[in-house]
Amino acid sequence: MTVATDDTLPATPRALRDEMIVFVVMAVLLAAVPFTKIYPFFVMQALCFALLACAFNLLIGYGGLLSFGHAMFLGTAGYVSGHALKVWGLPPELGILAGTAAAAGLAVITGLIAIRRQGIYFAMITLALSQLLYFIYLQAPFTHGEDGIQGIPQGYLFGIFNLANPTILYYTVLAGFLFGFLVIFRAINSPFGEVLKAIRENEQRAISLGYKTDQYKLIAYILSGTLAGLAGALKVFVAQNASLTDVEVAMSGLIVLMTLVGGLGTVFGPVFGAFVIVAMQQYLSGLGQWVTVIQGSVFVICVLVFRRGVVGEFAHFFRRSL
Amino acid sequence: MRGRGEICLADEFILETEGLTKEFAGFFAVRDVALKVRRGSIHALIGPNGAGKTTCFNLLTKFLKPSAGKILYKGQDITAMAPADVARLGLVRSFQISAVFPHLTALENVRVALQRQHGSSFDFWRSKSVLNQFNDRARELLNDVGLSEFADTPAVEMAYGRKRALEIATTLALDPEMMLLDEPMAGMGHEDIDKIAALIKRISAKYTILMVEHNLSVVANLSDIITVLTRGQVLAQGHYSELTKDERVKEAYLGAGHG
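Protein chains in written order, with this note's numbering: chain A, 1 to 322; chain B, 323 to 581.
Hints are all accurate, no fakes.
So the derived list for chain B, only partly shown, Cβ under 10 Å to chain A, looks like this:
1. 411
2. 416
3. 421
4. 423
5. 425
6. 430
7. 431
8. 444
9. 489
10. 495
No farther apart than 20 Å at their CA atoms in a straight line, the calculated lysine to any residue pairs in the SDA-like style are these:
11. B/387 x A/116
12. B/387 x B/338
13. A/212 x B/445
14. A/212 x B/401
15. A/212 x B/496
16. A/212 x B/404
17. B/358 x B/558
18. A/212 x B/497
19. A/212 x B/400
20. A/212 x B/385
21. A/86 x A/156
22. B/358 x B/561
23. B/387 x B/553
24. A/212 x B/411
25. B/387 x A/203
26. B/567 x B/557
27. A/212 x A/201
28. B/387 x A/204
29. B/517 x B/462
30. A/212 x B/412
31. A/212 x B/440
32. B/396 x B/527
33. A/212 x B/444
34. B/523 x B/511
35. B/387 x B/353
36. B/387 x A/214
37. B/358 x B/394
38. A/212 x B/402
39. A/212 x B/387
40. A/212 x B/407
Read the hints as simulated data drawn from the structure, not as lab findings. Note that the Cβ used here is the ideal one computed from N, Cα and C, for glycine as well.
Bound-form chain A, shown alone (with noise of 0.2 Å):
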């Protein structure tokens, strides 16, 4: 029997076209953003997090390794660009570029050293990694240790785009977001994610089917690190200063509470997930330390309600794939 093969394969194609439109109906929605009343700094944080949910949902969601130190890609981009842009002067794209790249080249570092190891002993030694550098940006004086990097300046993107003005630097962060988030669903979508699924899936047969898994896990570990330095640079030109708290443990907890949240190994849940979080800490600062009781709460609830997530929640319930 001959079948056409495109048209018989209903799980990919089908899931390739939902997650497509969900993808143009909020890139619609966050384009749309500034013609409303929401505080557009807000949204902007929340979409740097929500990269940084999405770049490390990259490496558990999709190649099954729990990364306990996130944070350090996201604090290495941040004092990275801050200190090009405030010191050297660069101009915002060139900041970027090398936040982004800093965080590239600790990925790989960092990579090499914990993919020998899995499971949990994988989780400690980037969790000690990122403490080793936490106490080394605390005290390298190019970090101002605890003051940190204060008043970075925009700047103009490109020489003509002042970043200064809220709603042009709405769409410069925008536009970050969505390209890094494309680049993890081609990543997620490409022969590359295929073979990251399998490992996930079983690594001991992956070996066995002649595959290197080792190389597969230190590229998704080096991509989803860049992206999260991609998330990091940017939230220096939201924040206008790169400090400790970036670096910390906690943050490192929170990106894994935010993908949690939203749904592991779905394409949209860190977003979803990014969103609800910081829009707690926003809306929700008055209650003080209370934030944090709130959010071990809502973490509870996931973990014991929806155990995958609110959009892996409700994607499995409508059987479509978000």
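Starting from the structure of chain A, add chain B where the hints point.
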């Protein structure tokens, strides 16, 4: 040529071991095993529980490192090779617990294996639609093992016997020269056993097969030659008919109530 029973002196044996030993802190799970697997044959490795079959198997596929001894595949020393490299030489293993990629469809399972030989597996910037070129071959392979109607079913939703068939299809996709099957019938019902046995028999026309089996009756009709292991050592070797007459085998194996 790989015709069964054909003797070609230069490469009569596709896989050989010399003094293969695996020691776990003073305990010898496998001791001084010399195995010769004839090209084109179905060779079974049997023995009671704890005889060292699976350890031996893991040594051959490089998932364990031997404490001593040598493994030669097509005359090449593979003792120090990584498991993925051994697979690339055409020596491919299966697993005792059916090894499929549960959340990929049957077609995707086979495609992952087909994809490996075509070098595009690191391309994270290309659409996976380039993999559609493998769909026809994947369907052919699924058809060969009787799974054509399950192409789009996620492996996790398939019955146990079908998962094993899918695993074999995935292994065949690599176009191996030799297949190592770890208890292919483990945990199967009678009906499935017959189907998988027929499938193994059929594919053995093209491939050399070494399989570990717990159950003598399964290998009786299937194997050309049987090696019996007990306590990590080779007890006897020969055709089923010879082995059933062997007192030592009866005592160690059949006598133990596993017949």
